[in-house]
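Asks: Here's the letter readout for the chains.
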Amino acid sequence: MNRSTIDLWVGIFVTIGVGAIVFLALKVGNLTSLSAQPSYRLEARFDNIGGLKLRAPVKAAGVVVGRVAGVTLDPKTYEAVVALNVDKGYEFSKDTIASILTSGLLGEVYIGLEAGGDPQMLAADARIAKTQSAVVLEKLISQFMFDKASSGSTK
Amino acid sequence: MLPSALANGLRRVGAGSRQAIARVGFAARFFVAVLRQTPTAFRRIQLTLREVYFAGVLSLVVIMVSGLFVGMVLGLQGYDTLNRYGAGDSLGIFVGLSLVRELGPVVAGLLFASRAGSAITAEIGLMKTTEQLSAMEMMAVDPLARIIAPRFWGGVISMPLLAALFSVMGVFGAYIVGVRLIGVDNGTFWGNMQAGIDFWPDVTNGIIKSFVFGIAVSLIAVFEGFDAKPTAEGVSSATTRTVVGGSLAILALDFVLTVFMFRGIG
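So the protein lines, in turn, are chains A and U. Start counting the first sequence at 1; every next residue gets the next number (the working numbering). Start counting the second sequence at 1; every next residue gets the next number (the working numbering).
A hint or two may mislead.
To give an idea of the interface, some chain A residues facing chain U are shown, with a C-beta separation under 7 Å as derived from the structure [what the hints assert, rightly or not]:
1. 10
2. 17
3. 21
4. 63
5. 71
6. 74
7. 75
8. 90
9. 109
10. 144
11. 148
With a straight-line Cα cutoff of 16 Å, these simulated EDC-like cross-link-like pairs (lysine to aspartate or glutamate) come out [what the hints assert, rightly or not]:
12. 27/A x 227/U
13. 94/A x 147/A
14. 27/A x 233/U
15. 88/A x 125/A
16. 94/A x 125/A
17. 59/A x 79/A
Note that these hints are calculated values from the structure, not bench results. Just so you know, even glycine gets a beta-carbon here, dropped at the ideal spot from N, CA and C.
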């Protein structure tokens, strides 16, 4: 085995090894996210986003049409501002309702879009006016218990 | 006086302990001597690169194929178990964490010990048997500098790269099974993985582990070769000791490192 062949192979080995570490850092770890499809951005404001995470799917009628691109808190209104990247090619009417839903009890949290009947479509960077916050299970249970208790006392 | 049978038994125990301690001491001095030759190994980088080729490049196939299959099995088994609790969507983080923290460094290290470590031991042991090492000393060439240090550093350099490749192939295998075959959502798979795995401390700790395993396995391999009895039988038992000792060292060190690294991390 001559010297230049060994150099070549070692070069290939080290390159793909370092590439593997970079892949672990970028794609498996969270240093950046890669996205390929062209998309446009929508904004929606929620009182409570529950367990919504970055890159969670955006679904319409159960079909994935985009991803959550950013979650921030509006410091004035204390609302959660969620940025959605929706694939180009899907358009939604102005009166679309965005709600935060969970698939199953323990499943992933996603955003559901329900299109309305408005003939005008949402433009890029528009805000979805009608939103429905996440259902917080603890609140629901406490409400239920509270109702039970108060109805019991009136008897 | 003690009965002679009992005295002989005690003598044997004593001799065994003395030899074991002497061997540990010799190994420690050997390690320091190899480290002293580090400048030589990097000044004559061509020798080290040749060993990176033999230890690293030639292990690529076994590492990558094993990684792919381990990842695919993790994908199947992990999904099956997680789905019982309705958490099939967490497959990404399950697979990523298992590979990056544990399976990547450990399984790659075990494969490295049996694939490259045994070859290093056999090579050095045979050099000793055929008196090549003594011949070198006669010519005033230090075998530690010419033979041992390049092999040691070749192993140490190769190991972290092989472990990273193993993890990547494992994640890819789990992606094939989980996303392509079972139908976990692509974005959920990667999104969960990225949300749950941090470069610091998860990925870096995996790299540190593989580096430590590389030092342990390479040291055991060159030491067993150098210390082998200069007979055919001696070389064969030295090779066996490399694989057994190297694997045990990896598993024991893994426990110790894990205790220090992930204590208190949920």
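Asks: Flag every earlier hint the structure violates by its number, smallest first.
Replies: Numbers 4, 5, 6, 7, 8, 9, 10, 11, 12, 13, 14 and 17 - these are the hints that the structure violates, sorted from lowest upward.
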